[in-house]
Amino acid sequence: MRTFRRVTAEVVALVVAGVVFLIPFSFMLLTAVKDSVQAAELDFSWPTSWPIVANIAEVVSARDYVLLRAYLNTTVLTVGSVAITVVFAAMAAFVLQRRAGRIGALANFLVLSGLIIPPAIVPTIWLLQALGLFKTMPGLILVEVAFGLSFAVLLFRAFIAGIPRELDEAAMIDGCTGLSLFFRVIFPLLRPVTITVILTMSVTVFNDFVNPLYFLPGDENATVQVTLYNFQSQYSTEWNLLFMDIVLITIPPLLAFVFFNRKIVAGMTAGAVKG
Amino acid sequence: MTKQDTRPRPKAGPAEPDRPQRRKAAAAYPYAFYLPAGIVYVVIFLIPTVMAFYFSLTRWTLFDSTFVGLENFADFFAEQNLSIGFRNTLVYAVLTSGLKVVLGMLLGVLLTSRLRLRGFLRSVVFFPVLVSTVAVGITFSVLLKPDTGLVDRALALVGVSGHDWLGDATTALLSVALVDVWKGVGLATVIYIAGILSIPPDYYQAVEVDGGTAWHRFRHVTLPLSRPATYSVIILSFIGGLRSFDLIWTMTRGGPGFTSDVIASIIYKQYQAGFYGLSTAGNVMLFLVVSAIVIPLSWFLGRREIA
Amino acid sequence: MKTFHGRLGAALAALALATTAACGGDPAPAAGEPVTLTFLVDNSETTLATAKAVVDAFQPANPDIKIEIETRPQGTEGDNVVKTRLSTGDMTDMFWYNSGSLLQALNPAQSMADLTGDPALANVQDSYLSVVTQGGKAYGVPISTAGGGGILYNRKVYADLGLQPPKTWAEFTANNEKVKAAGLTPVISTFKDTWTSQLFVLGDFYNVHTALPNFAADYTANKAKYAATPAAMTGFQRLADVHQKGFLNKGFGSATLDEGLRMLVEGKGAHYPMLSFLLPPLLKDYPQVATDIGFFGIPGDDPARNGATIWEPAAVYVARSTEHLAAVKKFLAFVASPAGTDAQTKAVAPAGPYRVKGSKLPEDAIQVAKDLQAYIDRDATAPALEFLSPVKGPALEQITVAVGSGLTPAAEGAAQYDQDVAKQAKQLGLAGW
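Chains as they are written, first to last, in the numbering used here: chain H, 1487 to 1761; chain Z, 135 to 441; chain F, 2 to 434.
This is chain H alone, in the form it adopts within the complex:
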């Protein structure tokens, strides 16, 4: 009897999850493999013809293979900005959590402000121009770092609160101070929350289209999200290609997630909720 109920519950959960969460994705997939006329019907139907290869080829080769360059650019952007953010945010969060005081209060305020204030685009461009970083990948990376720091600091700070101070003190007795204390002792302990930060921030940067559009314009600098514009226009939309593009650019985060699924949960367990 109990097994029966358990099985029933599982089946119900599975069916509901399947309907609610998987059908939208199957819709994307189905539309991506239709021909342009049928795709424009936008209904949930079985494709009458299967121009899968043709659609992929057309999406990949559109605008002189912009999608391939976009993958490369997005990879550089994501890896660069996430790596910098992780190190900078962890360092700041460590001091922020350990040392209260007026500077700490100010820093706390700035962190919260960073979450709330929307970025100002044109003044940022002026500033980057003055620094000679406008329209460069390093410039865009710094922009993503600046906009992502607050969230990362919050997560790190919450996690560091769970690391006993005694550990610092023990390490200091062993002669560690400052940099070596942080990088030798503390940073390795942050691994779970680091993974969480890496994943959430990668998703954010990967899916960002506003900042690349303004801070790194030009076809040769396109990022994957910007390619969505190529198939969706004010006047006509090629739905099958648009959805194929969506599918192609969703694959990298999907793969990342499949690999790191357990670790996200582990990181969250140890990180975000304690504090």
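Worth flagging that the hints you see were computed from the coordinates, not collected in a lab.
None of the hints are false.
Chain H is faced by these chain Z residues, among others (derived, beta-carbon under 10 angstroms):
1. A162
2. Y175
3. P182
4. L251
5. V265
6. L284
7. L370
8. A398
9. Y405
Cβ atoms here follow ideal geometry from the backbone N, Cα and C, with glycine treated the same way.
Once you have looked at the hints, place chains Z and F on chain H.
Okay, now just chains Z and F, sitting in the frame of chain H:
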């Protein structure tokens, strides 16, 4: 912050005078650690923001600006649909964060129980978080169409059909909010899963010993002890909800008419129209409103958490 | 890679500058000095195809000038990209952008090269110059064609039901009743793409203009208002009418432009208030568009004064920051020449007449272009208000959706629009507001 000072420090050896202690803090936790993050934050984010605050006091075409004092703020408040926007913003934030708390907790409990397909379901629930908002918006706009859309077809089976969910003033905002929940509930669920897993098993055993039911376990252990998770979910999704814009923009553009406008979409429309000073003033207002709600809220929740 | 190219380009530019300076500022490009020009266009299929065709046709005769096309998104996101790049001095050498009121917001006096009296404008029709002029200076040459803004209709449906293109609103309503009785959608509306809701108001301007020839000037000077001018408010009233009579398609609130176009082409709907520019891209999937779809202006009340509202072509402008002005002008002269428009015609079927002297519609032009030409030939057209006045409120498309969905009464919508316009004029710092 306060609790650190009260902690015992067994390994610190004999009590030291106050001064060396402080010097030691400086050595262990140098303020210099703020520098890398601080420089990037101040240069790339803070300085432009301060510049923008100045421009909120000007009529600004990007090419030149004229100082107009607080006129933009007056104009912003005179915006015809601002009251709709305020109401919608609050409704949207409360609705989405509320649903994310409730559904996230239910899914969290479900996905920490001994389900055979737990891993798979966790992935499935979290996956929408990974997809770009624009892609989600486009997909659901299509699924919610009357007659041809899948949602409508499914509802036709239970006798409801032909409703234009996004094109009808009464349901547009609600539909977008539900899609927002669909996309964001995965994050809430993961936070809850983490919270529930960090509850020491002894508590559950205690309820078991007392002969408590599953409901008791939930009511007296899971619910109170996952409170930190609830706080995280509320803060994150509430700030998100108040500032939310891209999903609404992709799906309804604040329409039909102005019926699903939120503050952020009103600001964006001003920005699009080239009213840069006015939209910056709107952003300053939005910042003040969000701060006025979130700072007391986070202080309140934070206090409860320590207590 | 990007920076490297950038630096190389800058170095070459400096070198070129030095050379010209040494030659005493000779405006002609030094022979054998290859230059690369950049050209920013929006990423719609038609725009891109047109731009590519002109560039490809220009290239053989000008091997020293290489032109690279860059794309940007369309719509207001694209407007902001253009503004941001111009204001930060980072524009491509030349760019494709709207003429008329949108040009005003780009502050051309500061950001663009003045082309007044330049040989590059030699072939531009005089009537066009006013829409690329600000403060007495001309800044662009026309690219692509003019188009009509009014009703696109399915001629097969008309033939089947024995209907004639209406000359008055009453005839239009009568046609709609017959279409409805036949079980088809009389008036297609697609309010998900909000901008498509404005046509009844914007396309009615010919009728406003014939009734009140001074309206545009008075309106710009803050002397005339929509809500206080019955002739101008008619557009809002029409919009409310078609909704109230039940002429719209089901799900008009969430329907999109391309669904609307498909309904029209497939004969599920008879009329679609729209711009004729939108038809050429459909020819690929629906060749019958060339003959099945016709155009008429939004009818007024007087059959003797029937006419149509025209949208002027976009223009190619020159960024002030360009370092290759002579080469850019050479290209512009080609764009606005019969050879240039011929190249465009080969790539994209014209949706209306060109604004270049000596350019003619081809014999096999699509039906809407012929219909529009007929209005022009009998001098029954007026440019849309946005080509006569810099004043255009940004919220019109939301207001027209609200009026067209029956959420807001016509008079209230017109009044809201007047307020919206006042806000825009104030933000632009126009005199008299």
